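2 protein chains.
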Amino acid sequence: MKTRIGILGYGNLGRGIEIAVEAAGDMELAAVFTRRDPAGVKILTEGVPVVNVGEIEQWKDKIDVLVLCGGSATDLPVQTPKYAEMFNVIDSFDTHARIPEHFADTDAAAKKGGKVAMISVGWDPGLFSLNRVYANAILPDGKDYTFWGKGVSQGHSDAVRRIDGVKNAKQYTIPIDKALDAVRSGENPELSTRDKHLRECFVVLEEGADAAKVEKEIKEMPNYFADYDTVVHFISEEELLRDHAGMAHGGFVFRTGCTGVNKEHKHIIEYSLKLDSNPEFTTSVLIAYARAVKRMADEGQTGARTVLDVPPAYLCQQSGEELRKHFL
Amino acid sequence: MKTRIGILGYGNLGRGIEIAVEAAGDMELAAVFTRRDPAGVKILTEGVPVVNVGEIEQWKDKIDVLVLCGGSATDLPVQTPKYAEMFNVIDSFDTHARIPEHFADTDAAAKKGGKVAMISVGWDPGLFSLNRVYANAILPDGKDYTFWGKGVSQGHSDAVRRIDGVKNAKQYTIPIDKALDAVRSGENPELSTRDKHLRECFVVLEEGADAAKVEKEIKEMPNYFADYDTVVHFISEEELLRDHAGMAHGGFVFRTGCTGVNKEHKHIIEYSLKLDSNPEFTTSVLIAYARAVKRMADEGQTGARTVLDVPPAYLCQQSGEELRKHFL
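The listed protein sequences derive, respectively, from chains P and V.
Position 183 (the first sequence) corresponds to 183 in this note's numbering; numbering is contiguous.
Position 180 (the second sequence) corresponds to 180 in this note's numbering; numbering is contiguous.
No lab work stands behind these hints: they were computed from the structure.
Computed from a predicted model, the values in this text were never measured in an experiment.
Keep in mind that a hint or two might mislead.
Same chains, same names: a pair is fine if it fits in one copy or spans any two.
Below 30 Å or equal to it, Euclidean Cα-Cα: the simulated DSS-like pairs (lysine-lysine) are [what the hints assert, rightly or not]: (1) K216 <-> K325; (2) K82 <-> K150; (3) K150 <-> K263; (4) K213 <-> K143; (5) K263 <-> K216; (6) K178 <-> K150; (7) K263 <-> K167; (8) K143 <-> K112; (9) K82 <-> K167; (10) K325 <-> K213; (11) K2 <-> K111; (12) K325 <-> K143; (13) K167 <-> K219; (14) K325 <-> K150; (15) K167 <-> K216.
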């Protein structure tokens, strides 16, 4: 029997989940839940109901794993604990600093409901976290480096858009090659914020806005830009929509460490992602972990979990025997 | 209480384990077991007994995890099942084709003894296997590439040494940059054996041996060299010992895959290792997994396991709470 997936929230992530479920032979989409009027939500899969979230409780026995596709700022802190009482759930909560709190809230709710709730699944947090943990366990004496990009940062784009005179904007975070090379060379560099990433902004001005003033305001914005080298380009709205609509992203996780009686041997572990579509890759990770959620729930586990708690074999359709034969 | 580690076999791997145990705050070396006369085996750690393997049974209750440091060809197929009846064990069995059989033998023995036995731990099999499994689960529609090197291949070095007229030899496996770049570009190349790796041999001849004949014999050797471009250098024994005694190694695991309604988005996952000391890195992996063996045994698990069965958190000294806070 196929694992029945529910989707809550039908934006970029929700659509990505729908595509990933379709690509997985062992899953089927049971329903899409929305806060909007279901009549106005057109999904890709034929024959699957779109349901107002107000009716979700009626689906308690018809869904194996509910994938929560809301945002981390306001949706998930409420939604994940709420639905973890009714369903096995999975989310991509990515506000690193608030993970302990979100874990605690979700854990209590999932235990109360007798469900499994996996939080913070994606690539960072997610695959990057896995790599940090593996590499730290293996090289306890070492140094971690994480780089992001090239890709659009939603938070930084929003910050630019809030500036007076800015009509629209996209901000790319770009890892600096010289820093990457220094890490790869094993020289264990001390890298400042400015050394690691460049920020590049494409900005559409309101009519009559003062470009020089906007550029200055961007470059001096504390936290967001002041600590970085920032390049600002002014372009037309047409150019922005044509050339900067992509959702590519990626990044790098390194650990450099040493072993030996006199710490004389250096080792470098590098993990990197180059993604054409950030939301589609994120949802591919979510769907693999949804498979694990089902398996852990079937075992009788309850409570909150993260990627750090999941045996890799649980992500796969194949049996342990097949995995050992073909992948080990 | 610290996890008590036993080492069976005191060569490069055994010494690496000793160093890694010393570096881990939560472990201590309990004893080293050897087939040799213990009086002739000098270890690094003071106050730790070296014991003949014939007396190992007396240590049943004094060792939490026994690390088996024998070779995959003849030692481990016998040792791992044998000692899995008495101890929680871990090995680095790396003959890929024989893993299913080794797993079955070890599983039966470990279940009989009520122990946990983890096999094939290291970087390939091991960390590379993990990366293949994660990447395949996340990008089911894709292509895998594994490259090894630059590093010495023991098997290929041995093959050269068996040639008439060869006194000593080292063989390096070298990944070809053009192939790596083609994979990284996302063009999903079809790569032949010759496209992926170059073989470089450093050969010391017996006095009076015919260099041209040896070179021809190397380059035409079926399985080992015939399918590759091979470079042969003749050097003095002094040069071989001076310049080619290192144990550096490494490699790359890629998966390139696509997502999207029309498979229009490409993604590239790359994992790579650059290691100054192959045995010391391998033993660092073994020690992290020895920690997991102890934890799984404490939970009452029994039977054979591989890296695919282990939640990443089990490799770490830190609590789940600390890991979520600092690494997720």
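*With identical chains treated as interchangeable, where does the CA-CA distance between K216 and K325 reach 30 Å or less: within a copy, between copies, both, or neither?*
Classified as neither: same-chain Cα gap 59 Å, cross-chain 36 Å, threshold 30 Å.
*Since the copies are identical, ignore which copy is meant and state whether K325 and K150 lie within 30 Å (CA to CA) inside a copy, between copies, both or neither.*
between (37 Å within a copy, 26 Å between copies)
*Measure nothing new, just compare the shortest in-copy and cross-copy C-alpha distances for K325 and K143 to 30 Å and report within, between, both or neither.*
between (34 Å within a copy, 17 Å between copies)
*Checking K150 and K263: alpha-carbon separation at most 30 Å within a copy, between copies, both or neither?*
between (34 Å within a copy, 21 Å between copies)
_Homo-oligomer pair classification [K216, K263; C-alpha up to 30 Å]_ = Neither: 47 Å inside a copy, 42 Å across copies.
*Please work out whether the CA atoms of K82 and K167 approach to 30 Å or closer within one copy, between two copies, in both situations, or in neither?*
Classified as neither; 37 Å inside a copy, 72 Å across copies.
_Identical-chain pair category, K167 with K219, by Cα at 30 Å_ = within (17 Å within a copy, 66 Å between copies)
*Is it within a copy, between copies, both, or neither that the alpha carbon of K325 lies no farther than 30 Å from that of K213?*
neither (63 Å within a copy, 40 Å between copies)
*Are the CA atoms of K143 and K112 at most 30 Å apart within a copy, between copies, both, or neither?*
neither (40 Å within a copy, 42 Å between copies)
*asked:* Treating 30 Å as the Cα threshold, decide for K213 and K143: within, between, both or neither.
replied: neither (40 Å within a copy, 49 Å between copies)
*Checking K167 and K216: alpha-carbon separation at most 30 Å within a copy, between copies, both or neither?*
The answer is within: 16 Å in one copy meets 30 Å, while 71 Å across copies does not.
_Identical-chain pair category, K2 with K111, by Cα at 30 Å_ = within (25 Å within a copy, 32 Å between copies)
Comparing the model with each numbered hint stated earlier shows that hints 1, 2, 4, 5, 7, 8, 9, 10 do not hold.
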